[in-house]
Amino acid sequence: MIYEKFQKDKKIKMKKGQIRMTETIAVLFIFFVLILFSLIFYYRYSETAFKGEQDEMFAKKAIDLTTKTIFLPELLCSKGESEAEDFCFDMMKLRHANKTFKSHLSDYYFNLFSYAKISVQEIYPKDEEWIVYEKKKPNSTRTDPTFFVVALKDESLGGQPSYGFGVVNIEVYS
Amino acid sequence: MNSKKAQVSVTFNWIYILIAGGIILLFFVGIIVKQKSISEDKLSSDVLNSLESIFTSAGVSEKTRNYVDMGGLAEQELYFECEEGVTEYGIEGKGVRIQNAMDPIFAPKNIKAPRMILWSLPYKMPFRVMNFLFVSSSNTKYSLLGTDQFVIEFLNATDDRDPQLRINRELVSSLDEIDPGKNYHLRVVDFDGLNIPGKPIPETLANLNDEKISAVVFNGLDVSYYAKEGNKWVKEGETVTLVSLSGERQAAKYAAIFSGDGSSYMCNIKKALKRLSYLDEIYLAKMAEMKEVYAPQHPCYLQLIGDKSVDTSLDIHSVAVGLCQTGSCKKLVEAANDLRLANNQLRLASCISLY
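Chains as they are written, first to last, in the working numbering: chain P, 1 to 174; chain L, 1001 to 1355.
If you are wondering where the hints come from, they were derived from the structure by calculation, not from laboratory data.
Even glycine gets a Cβ: it sits at the ideal position worked out from N, Cα and C.
Among the hints, erroneous ones may be present.
[Claimed, not checked] Some chain L residues flagged as far from chain P (calculated, every beta-carbon gap over 12 Å):
id, residue
1, K1004
2, G1022
3, K1042
4, G1095
5, R1128
6, R1161
7, K1232
8, G1247
9, D1311
[To be verified] Derived, one-sided and incomplete: chain L residues facing chain P with beta-carbon distance under 7 Å:
id, residue
10, F1028
11, Q1099
12, A1101
13, K1286
[Unchecked claim] Now the in silico label distances, taken between C-beta atoms and shown as ranges:
id, chain 1, residue 1, chain 2, residue 2, range
14, L, L1018, P, D144, 49 to 59 Å
15, L, S1174, P, F165, 27 to 37 Å
16, P, T67, L, V1172, 36 to 46 Å
17, L, Q1297, P, F165, 26 to 36 Å
18, P, E128, L, I1054, 31 to 41 Å
19, P, S174, L, P1299, 22 to 32 Å
20, L, S1173, P, Q160, 53 to 63 Å
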């Protein structure tokens, strides 16, 4: 009789223990699931934030490069001691700039333009394109082109300045 | 027996809770400290990146002056230095910094101010090479001494209707008149070269910390920098030479005033000389094309060639740029002057001009 009662108590205690263990395991499981969810959420958030920052930096790089190109003394139309003509490229400089940019690419101009392509498309009077600078980025995934209209001054035609116009295309490789 | 077991169990539970709680608390404190340091570094990096963009846009547009409100960074110290052709600036004590090997940035060694003032002037030798960017602050004061014509030009050029864009400067007749006020740095500019070398520092300035005051002395084309040591002036580094043409708005002369010291001045000037040598290549190519435009008997063609012409002056100029990069700049100033004259003659004769 006593033995049977002891066995019954033991069974009840074991059952209680099993229930507690299951409870503990369930709590731990939910705890780890919550941690996992938090980690996934944080990773996704970081990824989006990082991508956003990269896009912002890329846009900033494109704006900086456009600003630099438009005011490049290697291309700008000058007027002696006066201030240079705004948004105007001197064709007599433009035709030769590429050679200088190429020959000093690694020691100077790469620091200025980085991975980019700068070209000038003449629209009037002729239809011609000049690639001023080009340095492709290996495994580049995207490019961001910026267009800017400029006047093109050419004095090689009879010694008098004649003005045309064209578009500067600045592509930044990311 | 059972009661003893329970006592041990309860004590153990509390110790366990304390240890586990402490570890969890430490973990979160660690995360907060780490996050705080990351946020501070990120803020510094963001600010410096913004500054880089502001410097780029201020540097490309001619003769512009603008200011940057430092906001939360007003209490942080920014440093500027230039070594081996690379300008470096950042926030003192932080790992984040920006390096710039292209743009000449003339700035005091340190700035700690609520407002930073940026000013750009074109550097011409004789054609435009690039814009020099001058960096100053609302609490960097320039005390001007001397009777040189340039003093008036400097006063006018640094004035502005908007007080936030006005450079903090004053004209004084002697060192005793200088009032340092509550400025972070005082730069004494001696245009005659008679007020600083060998002269004692008056009592009003002698009480200032040595790093709070510096001087720049002009003697013709020579520029020397002085630092304060107690109550005397001590020359800092070698005398540097102004690589500049005569006339108004000599960017190289303004640069010497805003530069922290002689070595950073020359470091930034060398950036401009490097660019000048590449510009010469383009102008030499343009010159060759200009000669093809005119027939050999054309009056413009005759102006292009010969002694003291644009052609010969440009050749001499390109050689002189190379010499200047290695030390002697006298020939470059002469060649640039000759080129300017020859180019002006071409313009007067309505021929194609070089620049």
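A quick look at each hint next to the structure:
| no. | hint | in the structure |
| --- | --- | --- |
| 1 | K1004 | holds, 20 Å |
| 2 | G1022 | holds, 19 Å |
| 3 | K1042 | violated, 10 Å |
| 4 | G1095 | holds, 18 Å |
| 5 | R1128 | violated, 5 Å |
| 6 | R1161 | holds, 21 Å |
| 7 | K1232 | holds, 42 Å |
| 8 | G1247 | violated, 8 Å |
| 9 | D1311 | holds, 15 Å |
| 10 | F1028 | violated, 13 Å |
| 11 | Q1099 | violated, 10 Å |
| 12 | A1101 | holds, 5 Å |
| 13 | K1286 | holds, 5 Å |
| 14 | L:L1018 - P:D144: 49 to 59 Å | holds, 57 Å |
| 15 | L:S1174 - P:F165: 27 to 37 Å | violated, 59 Å |
| 16 | P:T67 - L:V1172: 36 to 46 Å | holds, 39 Å |
| 17 | L:Q1297 - P:F165: 26 to 36 Å | holds, 34 Å |
| 18 | P:E128 - L:I1054: 31 to 41 Å | holds, 36 Å |
| 19 | P:S174 - L:P1299: 22 to 32 Å | violated, 53 Å |
| 20 | L:S1173 - P:Q160: 53 to 63 Å | holds, 55 Å |
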